[in-house]
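*Asks:* As given, the protein sequences belong to chains A and B, one line each in that order. The first sequence runs 1 to 111 under our numbering. The second sequence runs 1 to 109 under our numbering.
Just so you know, these hints were derived from the structure itself, not from any lab. Even for Gly, the Cβ is constructed at its ideal location relative to N, Cα and C. Careful, some of the hints might be misleading.
[To be verified] DEER-style ranges, computed between Cβ atoms: (1) A:ILE60 to B:LEU46: 21 to 31 Å; (2) B:GLY29 to A:SER80: 34 to 44 Å; (3) B:ASN53 to A:GLY16: 50 to 60 Å; (4) A:GLY16 to B:SER82: 40 to 50 Å.
[Stated by the list, open to error] Each computed EDC-like pair below joins lysine to aspartate or glutamate, with the alpha-carbon atoms no more than 20 Å apart: (5) B:LYS56 to A:GLU98; (6) A:LYS57 to B:GLU3; (7) B:LYS96 to A:GLU15; (8) B:LYS96 to B:GLU3; (9) A:LYS9 to A:ASP30; (10) B:LYS67 to A:GLU24; (11) B:LYS96 to A:ASP59; (12) B:LYS42 to A:GLU24; (13) A:LYS57 to A:ASP30.
[What the hints assert, rightly or not] Selected chain B positions facing chain A (in silico; Cβ < 8 Å): (14) SER32; (15) PHE34; (16) TYR39; (17) SER43; (18) PRO44; (19) ARG60; (20) ASN92; (21) GLY95; (22) GLN101; (23) GLY102.
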Amino acid sequence: DGGITQSPKYLFRKEGQNVTLSCEQNLNHDAMYWYRQDPGQGLRLIYYSQIVNDFQKGDIAEGYSVSREKKESFPLTVTSAQKNPTAFYLCASGPPQETQYFGPGTRLLVL
Amino acid sequence: QKEVEQNSGPLSVPEGAIASLNCTYSDRGSQSFFWYRQYSGKSPELIMFIYSNGDKEDGRFTAQLNKASQYVSLLIRDSQPSDSATYLCAVNGSGKLIFGQGTELSVKP
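Based on the provided sequences and hints, a complete structural model is requested.
*Replies:* In C-alpha cells, the structure reads:
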C-alpha cells in the first residue's frame, strides 16, 4: 500500500521540549518537504530535501531541524527555540519541482 | 509582490453553477502549474496539473493556462456542495513548488 504516512496524528509539546514529527514515504520519491499551516492560512515551507543527505531551508526554518538519512524518511524536529509551534504540519513528497503528494498531517499543540 | 496570488474569498456559488478560481504568478520561467483541494482539517489533495498553454479538462474540472499573462485558472462545472473547500494554486520555481494562499469556495444548495 503506497503512500505517505505521518505520525503521530496529534502531538503535545511541553514548554522547552523538543519534539520530532515522523514522515515516511514508499513512493520512491526523491524530494520531500515540510510545511506549516496556521488556521485560515496557506502553506509555509519549513525545509525541503531533493536528495538523501542534503536539505535546504525554506521560508520559516528558524526553530526547526531536519535530517534525510534515508530516501524514505524525512523527520522534522520542532525545537524549544520555536516559540509558537502550535500548527498543522504537513509532509509532502514528489519528483523535484513537480507534483507533490501530501501526508495526512500532524497537529502540534502546546501544553 | 507575492510570487503566487489568489483571491482569498470566500467565493460563494449556487449548486449547479460554474465556479471560477484564479491565480497569477510572477516567475515567467515557471513551467508546471498545479491545483490542490483542501477540505477543512485535512491535507491538500491534487486535482489537476497543467504544463501547456490552453485548457485541460478532467471531468467537471478544467484548468486554463495563459503563460503570456502569467495566469492560471480552475473552472468547476456543475458545482456541488461537496466541492466546498479551499483551493490552492501551486507553481514550480526555485527548486520547489510555490503555493498561493488559497481560495475558499462555498457551494450553496
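*Asks:* Does each hint fit the structure? Answer for all of them.
*Replies:* So, going through the hints one by one against the coordinates:
1. A:ILE60 to B:LEU46: 21 to 31 Å: 23 Å, holds
2. B:GLY29 to A:SER80: 34 to 44 Å: 39 Å, holds
3. B:ASN53 to A:GLY16: 50 to 60 Å: 53 Å, holds
4. A:GLY16 to B:SER82: 40 to 50 Å: Since the Cβ atoms of GLY16 (chain A) and SER82 (chain B) sit about 44 Å apart, the hinted range of 40 to 50 Å holds.
5. B:LYS56 to A:GLU98: 17 Å, holds
6. A:LYS57 to B:GLU3: 18 Å, holds
7. B:LYS96 to A:GLU15: 33 Å, violated
8. B:LYS96 to B:GLU3: Roughly 13 Å between the alpha carbons, so the hint for LYS96 (chain B) and GLU3 (chain B) holds.
9. A:LYS9 to A:ASP30: 24 Å, violated
10. B:LYS67 to A:GLU24: With Cα atoms ~35 Å apart, LYS67 (chain B) and GLU24 (chain A) exceed 20 Å; violated.
11. B:LYS96 to A:ASP59: 12 Å, holds
12. B:LYS42 to A:GLU24: 18 Å, holds
13. A:LYS57 to A:ASP30: With Cα atoms ~17 Å apart, LYS57 (chain A) and ASP30 (chain A) stay inside 20 Å; holds.
14. SER32: 6 Å, holds
15. PHE34: 6 Å, holds
16. TYR39: 12 Å, violated
17. SER43: Holds, about 4 Å.
18. PRO44: Check passed: Cβ of PRO44 (chain B) comes within 5 Å of chain A, closer than 8 Å.
19. ARG60: 20 Å, violated
20. ASN92: Since the shortest Cβ distance to chain A is 4 Å, the answer is holds.
21. GLY95: Result: holds, 6 Å to nearest chain A Cβ.
22. GLN101: For GLN101 (chain B), the interface hint holds, since the closest Cβ of chain A sits about 4 Å away, which is under 8 Å.
23. GLY102: 5 Å, holds
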